[in-house]
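Undergrad: Now for the letters of each chain:
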Amino acid sequence: MSTSLWALRAGDQGRITGFGDALAESYRIRLLELGFHPGETVSCLQAPAFGAPKVFRVANTVFSLDDEVATHINVETDLA
Amino acid sequence: MSKIILIGSPNSGKSLLFNRLTGLSQKVANFPGITVDVATGKLASAPDLSLMDFPGTYSLQPISGEERVATEYFSKALDDPDVTQVLCLVDITRLEKSLYFTLQVVRECARHGKRALVVANMMDVLARHNIEVDLEGLAAEIGAPVLPISARTGDGLDAVNDWLRNPVENRSENTALAETPDTLLRGTAHQLAGKYGPRGDLLVKTQARLDSFFLHSALGGFAFFAIMFLLFQSIFTWAAPAMDAVEAGLGALADTVVPMIGPQLAKDFTSDAIFSGLGAFLVFVPQIFVLTFVIGLLEDSGYMARAALICHKPLRLFGLTGKSFIPMLSGVACAIPGIYAARSVDSPMKRLLTYMAIPLMPCSARLPVYTLLIAAFIPNTTALGGLVGLQGLAMFCTYFFGMMTGLIVTGLVSRTREDHYTDLPFVLEMPPYRLPALPPLLRNCWNRCRHFITKAGSIIFTVTVVVWFLGYFPNYGADLGASWLGQIGQVVEPLFDPLGLDWRYGVAIMTSFLAREVFVGTLGTMFGIEGADENMVPLVDQIQATGLPLASGVALLFFFAIALMCVSTLAILARESGSYRLAAKMFLAYSAIAYLGAIGVFQLVSLFTG
Ligand SMILES: Nc1nc2c(ncn2[C@@H]2O[C@H](COP(=O)(O)OP(=O)(O)OP(=O)(O)O)[C@@H](O)[C@H]2O)c(=O)[nH]1
Ligand SMILES: [Mg+2]
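In the order they appear, the protein sequences are chains L and U. Every position in the first sequence, counted from 1, becomes a number in our numbering once 550 is added. Every position in the second sequence, counted from 1, becomes a number in our numbering once 349 is added.
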């Protein structure tokens with residue numbers, strides 16, 4: 551199923567498929583530099599309550615992203 | 350002299366390595382974005398080589414103004430013939446994060462004929478988990494030597510020193526890279542990180558386990574409040590006695606020195622200008638030390654990034670970010686360490702907003718003023734059947750009012766800013782939890798205090814002497830009311846008339862520019878009461894006896910909650926933001942709001958109390 555990174559719950563995994571058009575170019579570049587590449591598997595480690603930024607792991611690094619960014623990252627959750 | 354540049358992604362250990370190699374003490378902390386300007390030092394092992402510690406960036410393609418400074422500095426350095434080598438630091442435990450940047454750096458070095466040395470840091474962490482990495486293979490692919498080190502333990506530093514002193518020619522190897530455009534480089538970095546990066550979940554596992562506690566919806570919130578409570582406790586239990594000791598020490602020193610001085614004028618100058626001037630800013634030192642220490646502990650342990658995450662959502666409503674939380678929180682004790690702490694807010698725009706909010710946080714210097722006014726105007730009775738004391742309630746409201754005003758100001762200002770949407774995104778690296786390293790932390794606390802004393806001290810001291818001068822002459826301190834300061838007070842009395850205050854309050858307000866708590870002492874002097882700052886009761890009685898209306902009291906509370914009456918804060922604000930204009934603008938704006946608002950409050954309360 552294709553959703554946004556922000557829709558993942560703690561423990562979920564997804565493969566990045568691309569970025570939404572609304573995401574500023576500079577943000578997209580930064581995300582790529584940090585390792586959020588299309589094709590990469592991202593897992594959601596923590597999804598704290600009250601809409602706080604969620605914690606994601608990509609490669610061996612852990613980042614927290616807030617909804618303003620994470621809703622524009624598209625992921626595929628069927629990792630067959 | 351030839352120069353070496355030290356560069357790498359945020360939080361990779363550059364400053365720690367810099368300190369190791371030079372013997373200096375740059376601030377080290379486990380939070381991305383700690384270093385904001387370039388520090389230079391001589392190599393301890395080769396004094397003819399100087400090393401420059403750069404702020405961390407994730408790439409040579411800047412997306413914020415701050416990063417642009419770092420990258421422009423870097424490209425300028427590449428054109429500098431004195432720069433012969435570039436030391437690029439990578440955090441080997443998280444290779445993905447740093448490799449793209451490393452490749453960019455190696456490429457630029459190849460293009461500009463500089464020698465590049467890649468240093469793989471945090472090898473101790475890999476060793477602890479028995480993870481091996483193929484650094485030779487990596488070196489061959491990126492075309493630059495890769496040396497393993499641990500900046501924490503010092504392993505491998507000899508090899509780095511040897512290399513820096515006698516670099517082996519290695520330029521020929523990276524010619525292929527020189528032609529590669531950024532887009533391809535990104536792919537290469539990704540692929541290399543997959544091939545050579547440390548494998549296994551071990552590194553992230555402990556972190557995830559602790560996070561599931563500290564970021565737990567209920568437990569995490571509880572831990573958060575417990576930690577913040579301890580932070581405040583530490584200020585009162587550690588800093589307060591030290592502050593008393595500083596005051597007592599200065600007092601004792603003054604008592605021994607002053608009687609030895611002959612002429613009355615010199616005597617008065619020493620006791621009232623020099624010692625009060627010193628006292629006015631030295632009392633801040635323990636507070637700065639303790640707050641810097643506790644915040645440093647939180648930063649270095651990795652908890653700060655979690656606290657930023659927890660507070661991000663509510664602060665975003667007011668145009669701030671989670672990273673503004675700690676600076677504002679320290680502002681509740683004292684604005685100065687808060688302003689220092691705002692360095693870690695990476696977005697320049699959010700940092701500006703944080704600066705605006707900090708002076709409105711109810712700092713501890715306001716406490717004596719609030720205590721005096723509340724004791725004088727609010728009856729010492731209880732409400733709601735004895736559940737709440739009216740005075741305590743008033744104190745709480747005043748505190749709360751200050752914090753809310755801070756948030757409202759940033760909320761409003763952020764909405765008027767164009768760059769609101771092109772700002773940095775909230776993508777915060779969650780550093781692993783680490784045991785804080787005490788020596789660099791203590792050194793940093795010491796550096797902060799020294800910076801405060803040397804940089805703010807002169808400004809504060811000058812202002813103190815000027816105020817003393819105005820208050821002392823022309824009648825040699827016999828009567829503050831008849832001094833030049835008193836005369837100015839009488840001249841500007843019409844200014845305080847709309848608040849229902851006479852010139853004595855005007856003078857007290859003017860002197861409180863030195864520090865808010867001076868208000869109490871000055872007012873005491875004006876009413877002819879010695880030592881009002883120690884025991885307020887006679888002063889409270891005096892104020893009540895003069896029949897000052899309640900409306901004036903509330904107006905004064907309002908004024909002190911908002912006005913930026915603190916020369917130390919202004920001095921540090923100007924230093925840290927690099928802009929005297931910002932400090933001046935904030936002072937004027939908050940004074941205007943405080944003054945006009947106080948008039949409004951006076952009118953309003955008068956309406957109800959008749
Ligand atoms: N275990 C371990 N920790 C290290 C090592 N090197 C640095 N650290 C820790 O990593 C954290 C970051 O170190 P800094 O020197 O502040 O990093 P920096 O690259 O200067 O960071 P910025 O100035 O924010 O870009 C600190 O908590 C250090 O104690 C190392 O070799 N091993
Ligand atoms: Mg640093």
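None of these hints come from the bench; they were simulated from the model. Bear in mind the structure is a predicted one, so any value in this text is a computation, not a measurement. Please note that a few of the clues may not be correct.
[To be verified] Output of the computed footprint for chain L on chain U, the stretches with three or more beta carbons under 8 Å from beta carbons of chain L:
no. : stretch
1   : 436-447
2   : 534-546
3   : 559-566
All residues carry an ideal CB built from backbone N, CA and C; glycine is no exception.
Undergrad: Now tell me if each hint is right for this structure.
TA: Hints, verified against the model:
1. 436-447: The restraint on the stretch 436-447 of chain U holds, since 5 of its residues have a Cβ under 8 Å from chain L and three suffice.
2. 534-546: holds (count 5)
3. 559-566: holds (count 5)
Of the numbered hints listed earlier, not one is contradicted by the structure.
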